[in-house]
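Colleague: Spelled out, the chains give:
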Amino acid sequence: MSAIPGPHRALTASFKRELLVAARARSEFFNPLIFFLSITMFVPLGIAPDAQTLAPIAPGMIWIIALLSVLLSLDRVFQSDFEDGSLEQMVLSGQSLYWIVIAKSLAHWVLTGLPLALLSPILGVMMALPGEGYVALVVSLLFGTGSLCFIGAIGSALTVALRRGGLLLSLIIIPLYVPVLILGSSSVQTAVLGEPYLGQVALLAAIWLLSLMIAPFAAAGSIKISLGT
Amino acid sequence: MNRIEIEQVAFERDDVNLFEDVSATWHQGEIVQLAGKNGCGKTTLMRCIAGIHQPSAGKISWNGHNVSSFDFRSTLLYLGHQVGIKLLMTPMENLLWYFGINGTKSSEESSIPLSRETLLAALTKVGLAAFADVPCFQLSAGQVRRAALARLYCSYAEVWLLDEPFTAIDIAGVEALKGVMEAHAGTGGVIIFTSHQLWDSEAIRVLDLEAYRPKAQDIAL
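Each protein sequence line maps, in turn, to chains A and B. For what it's worth, the numbering used here labels the leading residue of the first sequence as 1, then goes sequentially. For what it's worth, the numbering used here labels the leading residue of the second sequence as 1, then goes sequentially.
Looking at chain A on its own, in the form it has when it is part of the complex (with noise of 0.2 Å):
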């Protein structure tokens, strides 16, 4: 038995990784937000322009394109390293894939959920959001895509050895993410009340929690079963 290095080396390894293997495929990076960009701007165009329709449905709307983007951009996380044997070395590294699938979903929501939070204000002038919406909508942002990206790691690992996996991982994921959008856009819409939606936001946070701690369990198990068939 030798020594293999701690898993916070592993970690930070598959994290650069990560971000070096994004940085020099930019157009993948750039997808899911061009993706939210423009049906963002669709949705007045093609409902109406003005604030007394768009105010009622953009905490919602904004709420369920973010959504989509996420899901649009999980069956690529697995799936290169996957084609390219690189999922095998990690299996084989001895290192807990634990670690391994948190280094690769937080690396996933660096590069998708937090722009596309970072991004949501100038949306929300887009679909005429109510100011006092727009904290509640960052935050919850924040917390909620962060959610989205480590439950989808368990569709998209499920599905990674399947030649096309898009639609079975869709159907996987959705109702797990039903929850994540209903308290989302509640507090958004909480907030623009000017009610307190703090209750819905600390769920949220309990959820990314949980979804972090548990998710890369489910994950590392489905990688191994996946690549054992």
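A portion of the hints provided could be inaccurate.
Calculated lysine-lysine pairs in the DSBU-like style (CA-CA distance at most 35 Å, straight line) [what the hints assert, rightly or not]: (1) K178/B with K16/A; (2) K16/A with K37/B; (3) K224/A with K125/B.
Residues from chain B that face chain A, not an exhaustive set, calculated with beta carbons under 8 Å [unchecked claim]: (4) A50; (5) V83; (6) K86; (7) Y98; (8) G100; (9) N102; (10) G103.
Negatives, chain A to chain B, calculated, CB over 10 Å [stated by the list, open to error]: (11) A10; (12) L37; (13) A51; (14) L54; (15) Q79; (16) S93; (17) L114; (18) M126; (19) L168; (20) L171; (21) L181; (22) S186; (23) M213; (24) F217; (25) A218.
In short, the hints are calculated from the structure, not lab data. C-beta: ideal position from N, C-alpha, C; glycine also.
Put chain B on the given structure of chain A with help from the hints.
Modeller: This is chain B only, laid out in the frame that chain A set:
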């Protein structure tokens, strides 16, 4: 003494055994070649030994431990068909990542991060010194495989599982690779590799998977 034991292993695919009753014991210092026609299960047996696939019967163990245990993985270097090189990264970055999660797997010293110089020396040995900082998608297929083979020069893992290590490597490269493998076996390592190339050497033990084809299959046909 380190050993890999394979006991009556069979692997079933689509209700038919790919191979069955494979038994062997390999000790440290041995180089084993898995041979056989295309599709006879060389890669599958290799992946069973690595602990990725579960054999449908029998068991494979390393010093008495299961091959999917930490005891085995912390001393394993596996080179698959897909070598695990990210084409978007340079050979150097790929090695930094690989050793970042694997370490040198040395049993003596605790795992110290490898310096750039050490990795560059390994890349020089596989003839990639000039390409250390060139993205791998600009390299040829053989060069990409060489970048993966550079791991062999830095790793102290006792067990090497090499699936088709000679693919896309030129004649001089193959000779160098054979030298590294012999040196590793000489220092007490175990090497299992698959290849269609003949390697005439007394040190090589050959396991021909053709001998383990299920007999019942022929009757059914």
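Colleague: Next, verify each hint and record whether it holds.
Modeller: Taking the hints in turn, this is what the structure says about them:
The hinted pair formed by K178/B and K16/A meets the criterion: a straight-line CA distance of about 34 Å does not exceed 35 Å. With a C-alpha separation of about 41 Å, the suggested pair K16/A and K37/B falls outside the 35 Å cut-off, and the hint is violated. With a C-alpha separation of about 34 Å, the suggested pairing of K224/A with K125/B holds against the 35 Å cut-off. Annotation: interface hint on A50/B holds; nearest CB of chain A at approximately 6 Å, less than 8 Å.
For V83/B, the interface hint holds, the least distance from its beta-carbon to any beta-carbon of chain A being 6 Å, beneath 8 Å. Look at K86/B: its Cβ gets to within about 6 Å of chain A, closer than 8 Å, so that hint holds up. Taken as an interface hint, Y98/B checks out: its beta carbon lies about 7 Å from the nearest beta carbon of chain A, inside 8 Å. This hint holds: G100/B has a C-beta 3 Å from the nearest C-beta of chain A, less than the 8 Å allowed.
Among the interface hints, the one on N102/B holds; its C-beta lies about 5 Å from the nearest C-beta in chain A, closer than the 8 Å criterion. Taken as an interface hint, G103/B checks out: its beta carbon lies about 4 Å from the nearest beta carbon of chain A, inside 8 Å. Listed as a non-interface residue, A10/A fails to keep its Cβ farther than 10 Å from every Cβ of chain B; the least gap is roughly 5 Å. At the 10 Å boundary, the C-beta of L37/A stays outside the reach of chain B, the nearest C-beta of that chain being 25 Å off.
With 10 Å as the threshold on Cβ separation, the claim that A51/A sits away from chain B holds: the shortest Cβ distance comes to roughly 45 Å. No beta-carbon of chain B comes within 10 Å of the beta-carbon of L54/A; the shortest separation is about 41 Å. For Q79/A, the requirement that its beta carbon stay farther than 10 Å from each beta carbon of chain B is met, with the minimum near 13 Å. The Cβ of S93/A sits about 5 Å from the closest Cβ of chain B, inside the 10 Å cut-off, so the non-interface label is violated.
Against the 10 Å criterion, L114/A stays outside the reach of chain B, whose nearest CB is about 21 Å from its own CB. Look at M126/A: its CB is around 34 Å from the nearest CB on chain B, clear of 10 Å, so calling it non-interface holds up. Look at L168/A: its CB is around 22 Å from the nearest CB on chain B, clear of 10 Å, so calling it non-interface holds up. Every beta carbon of chain B lies more than 10 Å from that of L171/A, the smallest distance being close to 26 Å; the non-interface claim holds.
With a cut of 10 Å on Cβ distances, L181/A stays outside the contact zone with chain B, its closest approach being about 33 Å. The beta carbon of S186/A is kept farther than 10 Å from every beta carbon of chain B, the shortest such distance being approximately 40 Å. Separation of M213/A from chain B is adequate, the least Cβ-Cβ distance of about 21 Å exceeding the 10 Å criterion. No Cβ of chain B comes within 10 Å of the Cβ of F217/A; the nearest lies about 17 Å off, and the non-interface call holds.
Consistency note on A218/A: stated as away from chain B, and its beta-carbon is indeed over 10 Å from all of that chain's, at 18 Å minimum.
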